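One letter stands for each residue in the lines below.
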Amino acid sequence: MLTRIMRHEWRSLVADRTLWIIAPLFALLIGYGVYNGTSWVSFQRSTLDAAQQEERDRFAKAKAEVASIEQGGQPASAFANPRLPSVAAGRTAPRYALLPPAPLAALSVGQSDLYPYYFKVSSQSKQTFTTNDEIENPTNLLAGRFDLAFVIIYLYPLLILALSYNLLSIEREQGTLQMMMSQPVSLRTFVTGKIGLRALVVLALAAGFSLAGFLLGGVSLNAEGAWLRLLLWIGIVAGYGAFWFALAVAVNAFGKSSATNAMALAGLWLVFVLPIPSLLNVAVTTIYPVPSRVEMVQATRRASAEATAKGSQLLSKYLEDHPELTAGNQADPNDFVTRSLAIQSETERLIQPVIDHFDRQVLGQQSLVDRFRFLSPAIVTQAALNDIAGTSVARYRHFLSLVDEFHKQWRGHFTPRIVQKALLSASDYDRFPSFSFGEEPTGVVAKRVLAGLFGLLIPALVIGWLSLRALRRYQLAG
Amino acid sequence: MIVKIARKEFTEMLRDGRFRWAAAIVFALLLASLVMGGKHYRDVKRQHDLAQAETRDQWLRQPAKNPHSAAHYGIYAFKPKLLPAMLDRGVDPFVGQSVWLEAHKQNEFKFKPAQDATAVQRFGELTAATVLQLLIPLLIILLSFSAFAGEREQGTLRQLLSLGVRKTDLVWGKALGVSGALALLIVPATIVGVVALAMVSDNGLLGASAGRMAWLFVSYLLYFGVFIGVSLAVSAWAKSSQMALVVLLAFWIVNGLIAPRAVADAAKRVHPTPSAFAFQQTMDREMQSGPDGHDTADKRAEALKQKVLKQYGVDKLEALPVNFAGISLQEGEEHSNVVFDKHYSELWNRFERQNRLKQLAGAVAPMLAIQSVSMSLAGTDFAHHRNFATAAESYRRFLVKKMNDDMTFNAGKEDFSYLAKPALWQTVEDFRYDAPSASWALSQQTISLALLTLWCLAALTFAAVTTAKMRVD
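Chains as they are written, first to last, in our numbering: chain D, 1 to 478; chain X, 1 to 473.
Just so you know, the hints here were simulated from the structure itself, not pulled from any lab data. As the structure is a computational prediction, the values presented were derived from the model and not from experiment. Cβ atoms here follow ideal geometry from the backbone N, Cα and C, with glycine treated the same way. There could be a bad hint or two in this list.
Taking CB as the label site, the calculated pair distances span [to be verified]:
| no. | chain 1 | residue 1 | chain 2 | residue 2 | range |
| --- | --- | --- | --- | --- | --- |
| 1 | D | 135 | X | 16 | 44 to 54 angstroms |
| 2 | X | 166 | D | 135 | 53 to 63 angstroms |
| 3 | D | 54 | X | 296 | 45 to 55 angstroms |
| 4 | D | 442 | X | 300 | 53 to 63 angstroms |
| 5 | X | 57 | D | 221 | 57 to 67 angstroms |
Once the Cα atoms are required to be at most 35 angstroms apart in a straight line, the calculated DSBU-like pairs of lysine-lysine come out as [unchecked claim]:
| no. | chain 1 | residue 1 | chain 2 | residue 2 |
| --- | --- | --- | --- | --- |
| 6 | D | 61 | X | 307 |
| 7 | D | 256 | X | 239 |
| 8 | X | 105 | D | 408 |
Isolated chain D, as found in the complex (with noise of 0.2 angstroms):
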């Protein structure tokens, strides 16, 4: 009976114009979406080639000009002999840590656009080489981009929403619903399978026409992890999808007219896309407050000060603390290079406190997010598809953790060699450490994506089960 029902629904689905009108522009706007998206991606991607360019560029010019010292030649500058370490650690050498785009980066920017995905590490402290943001036009990031999450969040429900809303009552208003529920089928059977055929030319128009944009934009699913992200994503398609469908047959069962239908699920998108994420967005920064950036600049200016003024004092207290730095021998206290680092590590100390304030009131509204994202299927879902597209906070994050081991790594090569005054050679220059990024596991990831889909499927199925049982109670004509 359900295979009946589904056949003739798809048969007046294709007689109907909707359709015809409402998958092509659908298409269209897929299309333009993984358009915007590739083009990011592959903006990245000749950025970070640039960048190792630059490096490589960079080593060999150093070596270069090592290697003409050693033969008894002047370094071009007095200030920048690259035999030096702390040149070779600040200046020459800095290496670039990089986030390559994940595989399936084309189809969220999410919050790449904000974050920079390249830093160029040096000895110096870190803030001084993370906050390279890409150029963008503040207005641009305003309006946030039109990738193909945009259309799935935002437009997705609305195409569901504009071939059910009326599924029956449009039926009713036209008199077929009585002529049907005279053939020995159930209220229930009928609507399941008017939603179940509709659903699944959803999906398919929804995941195919994804599909077609990413191969033609070049996307590969060779690399690590792209299938079962895949997979994920046409999971968190469908759940959402499925909750949106849910949604529809729970208005339809009050048994209102169309025009009160459309109304209704309109307003109701509108609340899961607007007014609940900004209000939770006032709460969580009601709750965790993030001060203004200008009092950590002011921070680090007494800091700084206050590490300047203690001078000499703190050199001998810096080399007490790291014996291992001058490895036994006397350390020169007038020297200029070695009391920077004393400065620069006791800067670091003071101003510690204040930038883990920002790292502790950013992470608390990050996990009163996770919490209540629930809330919307909205925010759930774009906080699946960041995720899925490695475009989300917790990646970057990752990426952070990765470069703060690195430029401690860094450090720790360069430092000894700065107090103890050494020369590098231009083999030396082969043997400093470089950064290599290791995806988060796509274990962790797909946990996170899991429990998002959980929150999908949940609320859908019970949505869906409440409406079937209420369609006992509807009344067929009206």
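Based on the hints, put chain X in the right spot on chain D.
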């Protein structure tokens, strides 16, 4: 007649539970956003005022040091907010709030507030502007989609016209009725808004932004006029009220959601911007070897040396009555300023061309026009940011030159071991910034204001024309 119709519409709307609910929600959101906007404005203003005073204090309290070290130490500039910014936060979350003014470099504004927020913020912030640009138009649609289509379905339209009511009276009466219902919402909200503004503002600030506020008010009225006109027109034209609703919702979605993003991405394609990496690399290269690639640092240093020797009529640097390091530092500044001016103005012109394209797209979606006008009058658009950045940069150049000149004329032969007395810091006047006037903001928005007016007139005419031709049943 018009008044009678308007009164009937008005009463009917007030009795409609749906309208009461929707209006109550919108009103609550508007109030909440005004209160939060006011608080945000006050917090930011206090922080920035304090920080600006502290950074000045730090500058003044420097010990005796070499002027060039002082220039390296520099000073921070914190972007002030205008009072109407509490209504529309504009691009403020997406631009850095402060800039370090130091020797040699025109720095970028660092720390975008959005970087310290969660991804939820990208759904849009709850500000008065969001409510006025998105929710009130939706309310207008809900109020008026069935204005004619509904009467036709109930058969009252024929009855009404048989009484001899003119169609033009009908359309103006209905428009007036919707406006009246809307006024119930807008007037108290405006009063609350003005009171809130008065509460958060220091003396005189409210008066200073009165022009901007008045223009904001007019612009939003024009924007609502567009929606009243379009809704009545579609209601007269559509076969059924259901169809009118679907068409109007589609218009609302294209206008408020699809157009801003679609146009932002399109504008990026038409006027692409370089990557930060390429931007910096090009500037570094030109800093090294001049814009044409032949003016290397060595050649420049030699040329400067010859020029200065000739100017003072001596044959070696030691014989100069001034300090050559100071002159050479200043020459370096002048050289890099040319490079900064060239590249930053090119980049910012590109941003502005992108924004101009968005303004033009207001012809398709009035949202783009009102957004642009609203941000501009609130002082939170890119043009205002650029205005501040330019002022901060010229202060940086002034400060650095002052330091270099002191070096030139007072350092003698001591070069970098010369220490300037703390009295020197006093001679650098404090950084003052006066935000541009309302008329400056308006002059940036001629396209948007013209389009908004055109939209409003066209929508109301459209309503009158479609009603005149509408079918009675």
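Going through the hints against the structure:
Take residue 135 (chain D) and residue 16 (chain X): their Cβ atoms lie about 50 angstroms apart, and the range 44 to 54 angstroms holds. The beta-carbon spacing between residue 166 (chain X) and residue 135 (chain D), approximately 58 angstroms, falls within the hinted interval of 53 to 63 angstroms. One distance hint, 45 to 55 angstroms for the beta-carbon pair residue 54 (chain D) and residue 296 (chain X), is violated here, with the actual separation near 20 angstroms. The hinted range of 53 to 63 angstroms is satisfied by residue 442 (chain D) and residue 300 (chain X), whose Cβ atoms lie roughly 55 angstroms apart.
At about 59 angstroms, the CB distance of residue 57 (chain X) to residue 221 (chain D) agrees with the hint of 57 to 67 angstroms. With a CA separation close to 33 angstroms, the supplied pair residue 61 (chain D) and residue 307 (chain X) stays within the 35 angstroms bound. Taken as a hint, the residue 256 (chain D) and residue 239 (chain X) pair is honoured in the structure, with Cα atoms around 20 angstroms apart against an allowance of 35 angstroms. A distance of roughly 28 angstroms separates the Cα atoms of residue 105 (chain X) and residue 408 (chain D); the hinted pair therefore holds under the 35 angstroms criterion.
In summary, the one numbered hint that this structure violates is 3.
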